[in-house]
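Here the protein sequences line up with chains H and C, keeping their order.
Heads up, the first sequence is in the working numbering, so the first residue is 1 and it goes up one at a time.
Heads up, the second sequence is in the working numbering, so the first residue is 342 and it goes up one at a time.
Treat the hints with care, as some may be off.
In silico DMTMM-like links for lysine to aspartate or glutamate, alpha-carbon gap of 20 Å or less [what the hints assert, rightly or not]:
| id | chain 1 | residue 1 | chain 2 | residue 2 |
| --- | --- | --- | --- | --- |
| 1 | C | Lys457 | C | Asp404 |
| 2 | C | Lys457 | H | Asp28 |
| 3 | C | Lys457 | H | Asp6 |
| 4 | H | Lys38 | H | Asp90 |
For each label pair, taking beta carbons as the anchor points, the in silico distance ranges come out as [to be verified]:
| id | chain 1 | residue 1 | chain 2 | residue 2 | range |
| --- | --- | --- | --- | --- | --- |
| 5 | C | Arg580 | H | Ala290 | 57 to 65 Å |
| 6 | C | Ala511 | H | Pro55 | 56 to 64 Å |
| 7 | H | Gly200 | C | Arg580 | 50 to 58 Å |
| 8 | H | Glu162 | C | Leu603 | 47 to 55 Å |
| 9 | H | Asp28 | C | Gln576 | 53 to 61 Å |
| 10 | H | Asn195 | C | Leu619 | 12 to 20 Å |
| 11 | C | Ala549 | H | Ala290 | 56 to 64 Å |
| 12 | C | Gly402 | H | Met1 | 58 to 66 Å |
| 13 | H | Gly122 | C | Glu577 | 41 to 49 Å |
| 14 | C | Ala509 | H | Pro179 | 30 to 38 Å |
| 15 | H | Gly122 | C | Ala511 | 52 to 60 Å |
| 16 | C | Pro384 | H | Ala18 | 25 to 33 Å |
| 17 | H | Gly200 | C | Leu619 | 54 to 62 Å |
Just so you know, these hints were derived from the structure itself, not from any lab.
Note that the Cβ used here is the ideal one computed from N, Cα and C, for glycine as well.
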Amino acid sequence: MPTILDSLNYGLKRAFAADPNVYLLGEDVLDPYGGAFKVTRGLSSAYPERVLTTPVSEAGITGLAAGMAMRGLRPVVEIMFGDFLTLTADQLINHISKFRWMYNDQVQVPLVVRTPMGGRRGYGPTHSQTLEKLFMGVPGLVVVAPTFLGDPGELLCRMILETVDPVLFVENKLLYLLPVQDETSLAEFELLETNTSSGGTLSTPTYSLALRGAPPAMVTIGAYGYMAELARQAMLKLAYEHEIFAELVVPTRLAPLDIDPLQGSLRHTCRLLVVEEGSLSMGWGAEVIARCTETQAVPLKAVRRLAAANLPVPASTFLEAKALPSVEQIVEKCLEITRDG
Amino acid sequence: MCLVRRFEETVLDNFSKGAFHGTTHTYIGQEANAAGVLAHLQPEDIVISNHRCHGHFLAYGGDPRALFAEMMGKGTGVCGGRGGSQHLHWRNFYSNGILGGTLPLAVGMALGEKLKGSHAMTVVFLGDGALGEGVVYEALNLAALWQAPLLFVLENNRIAQTTPVELALAGGIAERFEAFGIPTAEVDSSDVLEIWALAGECLAKLRANPGPQAVVIRTCRFGPHSKGDDTRPAQEIERMRSQRDPLEIHEDRLAADTRRALQNEVQAQIEDAFRQALADPYPETGDFAEHH
């Protein structure tokens with residue numbers, strides 16, 4: 001069964017095959033190594049002129065790729081660990097995300113920066129973070145996160161070939177080894193896919209997952225990336241062990257944020273739990289809840305956030321498991337929220 | 342050069358009168374650099390500029406009225422009033438106000454054109470102050486490693502805002518480029534013909550053998566960093582103005598009546614551009630709600 005890593009790898013290869021303007025820049029991306037997480041494996045053998053292994057210069061290669069993008073190419077940058085995005089922050093915030101608007105819509109920066117993000121591999125405080133929240137509020141920057149549903153490689157390929165705006169493409173490391181889902185593996189669930197766009201961005205899928213044949217859901221769980229897989233596991237526990245039924249809403253575009261699919265689910269549950277792997281404060285969940293609350297489209301009975309502790313991610317497996325959100329915590333929060341409201 | 346000088350003087354004169362809002366970084370004293378280097382450009386060539394970009398923009402062929410209007414926040418501005426003084430884009434000219442961060446972009450544009458098989462080359466301006474930024478050295482390395490067809494023009498005016506170069510920079514400037522294997526020419530001059538000749542040699546080499554080149558120009562900034570923030574002794578500025586004024590150096594070569602005719606023509610052009618920009622409308626606000 002193909003994994004999400006295979007899917008992303010295939011997505012890159014399809015983009016390279018489809019458009020000779022696609023380039024990839026990153027550290028240690030050449031075969032036989034094929035990148036630290038192997039997403040680029042095979043690419044440099046097939047397209048040696050278009051895969052550039054780079055010095056350890058995250059800001060430099062990100063800015064350089066933006067220059068290529070502004071002159072008509074479609075570069076992809078791999079940042080080896082999401083933690084190193086901080087080194088690209090000036091390029092992304094003060095240059096790349098501003099150009100289109102600041103130059104009065106006279107330029108486009110069709111650049112995809114993709115990076116593995118997240119913990120649970122024991123890499124410790126500087127190689128395990130979930131930092132995309134630092135970039136979600138940056139005007140002009142699109143933040144996309146594939147999940148265990150749909151076709152992550154297709155999403156990546158489409159971003160590379162079609163985006164007109166810079167995209168930060170966040171790949172949770174634990175997603176890589178999960179199998180791509182199909183109808184058989186999702187037999188217990190009803191899966192709904194809606195495609196939306198916002199502010200002129202490419203349309204991206206949002207997935208809704210509910211247990212097949214279950215009574216109406218009492219709680220909506222909003223989660224993205226790998227957290228959505230944990231939420232899926234929690235949904236089964238909630239149903240079989242507690243008779244609490246949840247609906248899971250999984251956006252793939254985190255910014256600009258489109259709140260409609262979540263609102264749609266909330267209309268019948270009126271209870272919202274948001275789950276993210278980044279630290280709790282000032283996060284994606286806070287924004288989601290703020291948006292859902294201020295529109296007053298749905299009277300919410302109860303809301304909760306579940307996120308990583310406001311601490312650096314510990315190296316110890318034991319401590320790390322306590323610091324990051326777990327299936328058990330999702331179950332617990334859902335029980336809490338259904339008791340409260 | 343005369344156009345740039347009159348433009349910048351008009352900016353400074355009218356800032357205090359309220360015609361402009363925000364900030365500005367004038368090019369007064371450094372005009373020979375932009376004029377000398379950019380005279381060699383082909384239409385397809387690319388220019389990346391910094392916060393002190395008015396001189397580069399005008400020497401590139403930019404419209405003074407559009408630049409005045411941009412600085413006034415008018416809809417007819419170079420970027421419709423969105424960018425202001427430091428953030429310009431027109432044809433193949435791009436400027437940004439973040440020091441040093443423009444260099445990787447310049448390397449990428451130069452490399453992009455090379456990969457596309459075009460013959461365009463890129464010129465990037467930076468000052469001595471930008472040498473404090475780490476990303477500059479990432480860009481120099483990448484430019485040399487991948488032989489990007491790029492000319493670095495380092496304008497060393499020996500002062501970064503109010504900090505003299507001696508307090509900010511260890512080691513040599515040319516040596517920084519040479520350490521990456523980038524051929525580097527140096528000139529200590531405000532004579533446009535001297536700069537023009539040297540830049541011509543560098544660009545000819547670059548076009549013959551596409552890869553990075555650098556030219557380090559020791560230059561003089563007569564005005565403040567921005568508007569009223571010059572802490573240098575008045576005598577020092579006076580001495581620079583009397584010895585290193587690129588306009589006077591070059592004007593001495595012209596016959597008196599030719600010189601006067603040129604000055605009058607430029608004066609009228611700038612007055613006209615300023616007047617038109619003043620009368621220009623503010624931009625349509627558009628619907629910002631869709632961006633919420």
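Going through the hints against the structure:
no.: 1; hint: Lys457(C) to Asp404(C); result: violated (29 Å)
no.: 2; hint: Lys457(C) to Asp28(H); result: violated (24 Å)
no.: 3; hint: Lys457(C) to Asp6(H); result: violated (30 Å)
no.: 4; hint: Lys38(H) to Asp90(H); result: violated (27 Å)
no.: 5; hint: Arg580(C) to Ala290(H): 57 to 65 Å; result: holds (60 Å)
no.: 6; hint: Ala511(C) to Pro55(H): 56 to 64 Å; result: violated (23 Å)
no.: 7; hint: Gly200(H) to Arg580(C): 50 to 58 Å; result: holds (55 Å)
no.: 8; hint: Glu162(H) to Leu603(C): 47 to 55 Å; result: holds (51 Å)
no.: 9; hint: Asp28(H) to Gln576(C): 53 to 61 Å; result: holds (57 Å)
no.: 10; hint: Asn195(H) to Leu619(C): 12 to 20 Å; result: violated (48 Å)
no.: 11; hint: Ala549(C) to Ala290(H): 56 to 64 Å; result: holds (59 Å)
no.: 12; hint: Gly402(C) to Met1(H): 58 to 66 Å; result: holds (60 Å)
no.: 13; hint: Gly122(H) to Glu577(C): 41 to 49 Å; result: violated (60 Å)
no.: 14; hint: Ala509(C) to Pro179(H): 30 to 38 Å; result: violated (56 Å)
no.: 15; hint: Gly122(H) to Ala511(C): 52 to 60 Å; result: violated (41 Å)
no.: 16; hint: Pro384(C) to Ala18(H): 25 to 33 Å; result: holds (32 Å)
no.: 17; hint: Gly200(H) to Leu619(C): 54 to 62 Å; result: violated (34 Å)
Hints 1, 2, 3, 4, 6, 10, 13, 14, 15, 17 from the earlier list are contradicted by this structure; the remaining hints agree with it.
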